[in-house]
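Student: The residues making up each chain are set out below.
2 protein chains.
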Amino acid sequence: MSVGTPGNTRLEIDETLLLKQIELLGKVGIDPSGGRTRLALSEQDKMARDLLQQWMKELALDVKIDPLGNIFGILYGEGDSCANALMIGSHIDTVINAGPLDGVYGVLSGLAVARAFREAGMRPIRPLIVAAFTNEEGVRFQPDMMGSLFFTGGIFLDDALAAKGSDGVLLGDALRRIGYAGGTDPSLVLPAEYLELHVEQGPVLDSIKIDIGVVEHLQGISWKQIEISGTANHAGTTPVSMRHDAGYAAAKIIVFLRELACASENTRTTVGSLRFLPDAINVIPSKAVFTVDMRDPDEGRLVDGEEKLLAFLRELQMEEGVGISVETLARFKPVRFDSELAAAVEDAARIRGFSSMRIVSGAGHDAQMLARVCKAAMIFVPSQDGISHNPAEHTTDEQLLRGARVLLDVASERLGHTGSSL
Amino acid sequence: MSVGTPGNTRLEIDETLLLKQIELLGKVGIDPSGGRTRLALSEQDKMARDLLQQWMKELALDVKIDPLGNIFGILYGEGDSCANALMIGSHIDTVINAGPLDGVYGVLSGLAVARAFREAGMRPIRPLIVAAFTNEEGVRFQPDMMGSLFFTGGIFLDDALAAKGSDGVLLGDALRRIGYAGGTDPSLVLPAEYLELHVEQGPVLDSIKIDIGVVEHLQGISWKQIEISGTANHAGTTPVSMRHDAGYAAAKIIVFLRELACASENTRTTVGSLRFLPDAINVIPSKAVFTVDMRDPDEGRLVDGEEKLLAFLRELQMEEGVGISVETLARFKPVRFDSELAAAVEDAARIRGFSSMRIVSGAGHDAQMLARVCKAAMIFVPSQDGISHNPAEHTTDEQLLRGARVLLDVASERLGHTGSSL
Numbered sequence: 001m002s003v004g005t006p007g008n009t010r011l012e013i014d015e016t017l018l019l020k021q022i023e024l025l026g027k028v029g030i031d032p033s034g035g036r037t038r039l040a041l042s043e044q045d046k047m048a049r050d051l052l053q054q055w056m057k058e059l060a061l062d063v064k065i066d067p068l069g070n071i072f073g074i075l076y077g078e079g080d081s082c083a084n085a086l087m088i089g090s091h092i093d094t095v096i097n098a099g100p101l102d103g104v105y106g107v108l109s110g111l112a113v114a115r116a117f118r119e120a121g122m123r124p125i126r127p128l129i130v131a132a133f134t135n136e137e138g139v140r141f142q143p144d145m146m147g148s149l150f151f152t153g154g155i156f157l158d159d160a161l162a163a164k165g166s167d168g169v170l171l172g173d174a175l176r177r178i179g180y181a182g183g184t185d186p187s188l189v190l191p192a193e194y195l196e197l198h199v200e201q202g203p204v205l206d207s208i209k210i211d212i213g214v215v216e217h218l219q220g221i222s223w224k225q226i227e228i229s230g231t232a233n234h235a236g237t238t239p240v241s242m243r244h245d246a247g248y249a250a251a252k253i254i255v256f257l258r259e260l261a262c263a264s265e266n267t268r269t270t271v272g273s274l275r276f277l278p279d280a281i282n283v284i285p286s287k288a289v290f291t292v293d294m295r296d297p298d299e300g301r302l303v304d305g306e307e308k309l310l311a312f313l314r315e316l317q318m319e320e321g322v323g324i325s326v327e328t329l330a331r332f333k334p335v336r337f338d339s340e341l342a343a344a345v346e347d348a349a350r351i352r353g354f355s356s357m358r359i360v361s362g363a364g365h366d367a368q369m370l371a372r373v374c375k376a377a378m379i380f381v382p383s384q385d386g387i388s389h390n391p392a393e394h395t396t397d398e399q400l401l402r403g404a405r406v407l408l409d410v411a412s413e414r415l416g417h418t419g420s421s422l
Numbered sequence: 001m002s003v004g005t006p007g008n009t010r011l012e013i014d015e016t017l018l019l020k021q022i023e024l025l026g027k028v029g030i031d032p033s034g035g036r037t038r039l040a041l042s043e044q045d046k047m048a049r050d051l052l053q054q055w056m057k058e059l060a061l062d063v064k065i066d067p068l069g070n071i072f073g074i075l076y077g078e079g080d081s082c083a084n085a086l087m088i089g090s091h092i093d094t095v096i097n098a099g100p101l102d103g104v105y106g107v108l109s110g111l112a113v114a115r116a117f118r119e120a121g122m123r124p125i126r127p128l129i130v131a132a133f134t135n136e137e138g139v140r141f142q143p144d145m146m147g148s149l150f151f152t153g154g155i156f157l158d159d160a161l162a163a164k165g166s167d168g169v170l171l172g173d174a175l176r177r178i179g180y181a182g183g184t185d186p187s188l189v190l191p192a193e194y195l196e197l198h199v200e201q202g203p204v205l206d207s208i209k210i211d212i213g214v215v216e217h218l219q220g221i222s223w224k225q226i227e228i229s230g231t232a233n234h235a236g237t238t239p240v241s242m243r244h245d246a247g248y249a250a251a252k253i254i255v256f257l258r259e260l261a262c263a264s265e266n267t268r269t270t271v272g273s274l275r276f277l278p279d280a281i282n283v284i285p286s287k288a289v290f291t292v293d294m295r296d297p298d299e300g301r302l303v304d305g306e307e308k309l310l311a312f313l314r315e316l317q318m319e320e321g322v323g324i325s326v327e328t329l330a331r332f333k334p335v336r337f338d339s340e341l342a343a344a345v346e347d348a349a350r351i352r353g354f355s356s357m358r359i360v361s362g363a364g365h366d367a368q369m370l371a372r373v374c375k376a377a378m379i380f381v382p383s384q385d386g387i388s389h390n391p392a393e394h395t396t397d398e399q400l401l402r403g404a405r406v407l408l409d410v411a412s413e414r415l416g417h418t419g420s421s422l
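In order, the protein sequences belong to chains A and B.
Under the numbering used here, the first residue of the first sequence is numbered 1, with each subsequent residue one higher.
Under the numbering used here, the first residue of the second sequence is numbered 1, with each subsequent residue one higher.
For the record, the hints were derived by calculation from the structure and aren't laboratory data.
Every value quoted in this text rests on a predicted model; they were computed, and no experiment measured them.
Incorrect hints may appear among the rest.
Same chains, same label: a pair holds when it works inside one copy or across any pair of copies.
Below are the DSS-like pairs computed for lysine-lysine, each with C-alpha atoms no more than 27 Å apart in a straight line [to be verified]:
{"id": "1", "residue 1": "Lys-164", "residue 2": "Lys-333"}
{"id": "2", "residue 1": "Lys-209", "residue 2": "Lys-333"}
{"id": "3", "residue 1": "Lys-308", "residue 2": "Lys-46"}
{"id": "4", "residue 1": "Lys-375", "residue 2": "Lys-287"}
{"id": "5", "residue 1": "Lys-46", "residue 2": "Lys-20"}
{"id": "6", "residue 1": "Lys-57", "residue 2": "Lys-209"}
{"id": "7", "residue 1": "Lys-20", "residue 2": "Lys-375"}
{"id": "8", "residue 1": "Lys-308", "residue 2": "Lys-333"}
{"id": "9", "residue 1": "Lys-57", "residue 2": "Lys-164"}
{"id": "10", "residue 1": "Lys-57", "residue 2": "Lys-287"}
{"id": "11", "residue 1": "Lys-224", "residue 2": "Lys-20"}
{"id": "12", "residue 1": "Lys-287", "residue 2": "Lys-164"}
{"id": "13", "residue 1": "Lys-209", "residue 2": "Lys-287"}
{"id": "14", "residue 1": "Lys-375", "residue 2": "Lys-224"}
{"id": "15", "residue 1": "Lys-57", "residue 2": "Lys-308"}
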């Protein structure tokens, strides 16, 4: 048995197949306008899961599904255990009308690493686990990154199963309906190290033409739902002074949140979902319900932003004579990744001759949950014009393959390998 | 034959029955929270129409329904023709989660006037027509006041039937589905005079404790739908400078419209309906679609408000890098009512010993369409706290009856009557 190193490995990504699988999975849930929608635990998500499972089984990976529907494909190392595993993971659910790469790229590149071992007839010394986590996007069910949160012990199973979808369906019911409530005890497969390869979903690498982003830390995320209660009244007869207009109050908050983002160094604020009631052209809205997505790489600044928002709400409540209630949907502190793994990614890029830089992730990723329980790192490739969560999301094939090669090199170095046939 | 006058008439409103019918009609489409929803041409609207028809037939009125579903109950005068008729009308459709009185009060008070003739065994000299116009509210189908607009020749039948509902259903299909596409040629019943009794839906009469509002004129109405096209992108990664946030642009417009209303003497602005796409917590909205309701009793000021809005949209389009399109849903100039009829209402109130004042209507009413083709007037009674388009809409029984008595007096004076049994 000889332990492999990047220098002498014969492991190679099957690049044609990787790109083909990204294309195929990206077509699941596609609509005529060119976007795809695979909300967590929907029929479309089930179709993508079935396809992924099939591909895992074609590589003779041991497929395990846990009670929240997280999917694990295991390539065992020297023993038939999951101890001291390296996990490569991401997700295959999407937002509404999404691009083709977000999540999918990371899971299928993990699969490509497993395939590289299979095709070279080599067995890794440590086990490799390819993971697809349930409901990373959090569009249908909150909180987001739920699968990896559960996997790392951050949420009780019963609470996760009781999450109510934006369509009113309970997560547990949706999970059973698509047949993905598995029996695997997730603690069996808790890894020692975790790698996630992802498109940046931001403009930095693309704008300065860098191949590889070595993610140093990940923004903290605060998700809230705000409900404003005003008074429905006739649009034509009610003077401004007598209005308690929930819609106007919501608009003031949206404008305030933009000002907050502009005044801060790194705080990002978004109101992506909003509803008025009764939602009629000639009736002053009695209710406005909307979400706030606030992020910052610094926990102190994130808390500061949340406090400023609350202070503004208190003031607005008095000014407009409306009721305001705030519910926290998700709250994650910023994460700093493992410096040893980050250095390994940087080395691998340098050896391959790719340019790289340290970068902050603006998006939340399953990696931030894994960072709570093991050494974790993320590798980014450029997103054209920084566009993501949009059908126009794009990274060139060559950029995608560079990321996959770096992932393979880091993973094979960490896993080691023998020349024994499998 | 002796022509009746308010001094010698024996005509009386059946007050108990009028209040009972208002209560009964107000229960159609009621929901557990206490509001009622009878959107135009819905199943609930059909139930209300059926009830109204039944009550018209109990009074042996000749019921006619025109091709847009407007309902007319005719009490013939000396001849069996509709020539030189006095019409008393309003509507029985509602907004979403409405109060009990808006529209219903006027139609049923018209019925109470017809009943007064029947119960006294008297025949009017001129014909009396009680009218319920289709889709006054305009919540499901635009434009609002559509039935009276059609009746007075302001919209072609085919265009009205092709209006697409907020639920996607075509008006013509909805009308046929509930069986109210009638065959009466509406020009047969074009009246010489029109009266409409209505709750004020504003705070003026209630706040200064006046019994009767003599409506001098009616605000102009401008309804627009604005669609903003931005770029969907990731909420966590996209810097402010790279955002084209359709939701933020919509919020800026809502705040601008409030400022416009505050800066103007009488302009009222409301954004009652709004939708974001893709409507996801972590995606910058690519689209925002919302309505603008702008009103002013002065046409010059209304045009000025519309122009200021368009100028703001042009500026915003540049600033935020978004596309903005504007569609006019409805546009009605302010209306001045007939001074002779207004004086008759004032006289009738004075003779009854009720306080009255001249007033501007903030709401749109079918009367403004009728004012295009005949002498028209409106009578208002107070709305408690000015609340309308809300389940809390309320006027006391005594206030409702005062309005009905004034309506009866004005109508019987205009119609004249004989003592002959019918």
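Student: Now look at each hint and say whether the structure bears it out.
Tutor: Structure-based check of each hint:
1. Taking the closest pair of Cα atoms, Lys-164 and Lys-333 come within 27 Å of each other only inside a single copy of the chain (24 Å); across copies the shortest separation is 48 Å, beyond that limit.
2. When the C-alpha separation of Lys-209 and Lys-333 is checked against a cutoff of 27 Å, the pair qualifies neither within a copy, at 30 Å, nor between copies, at 58 Å.
3. Neither within a single protomer nor between protomers do Lys-308 and Lys-46 lie at most 27 Å apart by alpha-carbon distance, with minima of 41 Å and 51 Å respectively.
4. In the homo-oligomer, the alpha carbons of Lys-375 and Lys-287 never lie at most 27 Å apart, since the shortest distance is 45 Å inside one protomer and 40 Å across protomers.
5. With identical chains, the CA atoms of Lys-46 and Lys-20 are at most 27 Å apart within one copy only, with a shortest distance of 20 Å there and 57 Å across copies.
6. In this assembly of identical chains, the alpha carbons of Lys-57 and Lys-209 never lie at most 27 Å apart, being 37 Å within a copy and 80 Å across copies at closest.
7. In this homomeric assembly, Lys-20 and Lys-375 never come within 27 Å of each other (Cα to Cα): the closest approach is 31 Å inside a single copy and 75 Å across copies.
8. Taking CA atoms no more than 27 Å apart as the test, Lys-308 paired with Lys-333 passes inside one copy only; the shortest distance there is 18 Å, against 45 Å between copies.
9. Neither within a single protomer nor between protomers do Lys-57 and Lys-164 lie at most 27 Å apart by alpha-carbon distance, with minima of 32 Å and 51 Å respectively.
10. Taking the closest pair of Cα atoms, Lys-57 and Lys-287 never come within 27 Å of each other, the shortest separation being 50 Å inside a single copy and 41 Å across copies.
11. For a Cα distance limit of 27 Å, the shortest separation of Lys-224 from Lys-20 qualifies neither inside one copy, at 38 Å, nor across copies, at 47 Å.
12. Taking CA atoms no more than 27 Å apart as the test, Lys-287 paired with Lys-164 passes in both settings, with 21 Å inside one copy and 26 Å between copies.
13. Neither within a single protomer nor between protomers do Lys-209 and Lys-287 lie at most 27 Å apart by alpha-carbon distance, with minima of 46 Å and 30 Å respectively.
14. When the C-alpha separation of Lys-375 and Lys-224 is checked against a cutoff of 27 Å, the pair qualifies neither within a copy, at 29 Å, nor between copies, at 56 Å.
15. Proximity of Lys-57 and Lys-308 under a CA criterion of 27 Å is satisfied in neither setting, with 51 Å inside one chain copy and 64 Å between copies.
Figure legend: structure checked against the earlier numbered hints; hints not met, in rising order: 2, 3, 4, 6, 7, 9, 10, 11, 13, 14, 15.
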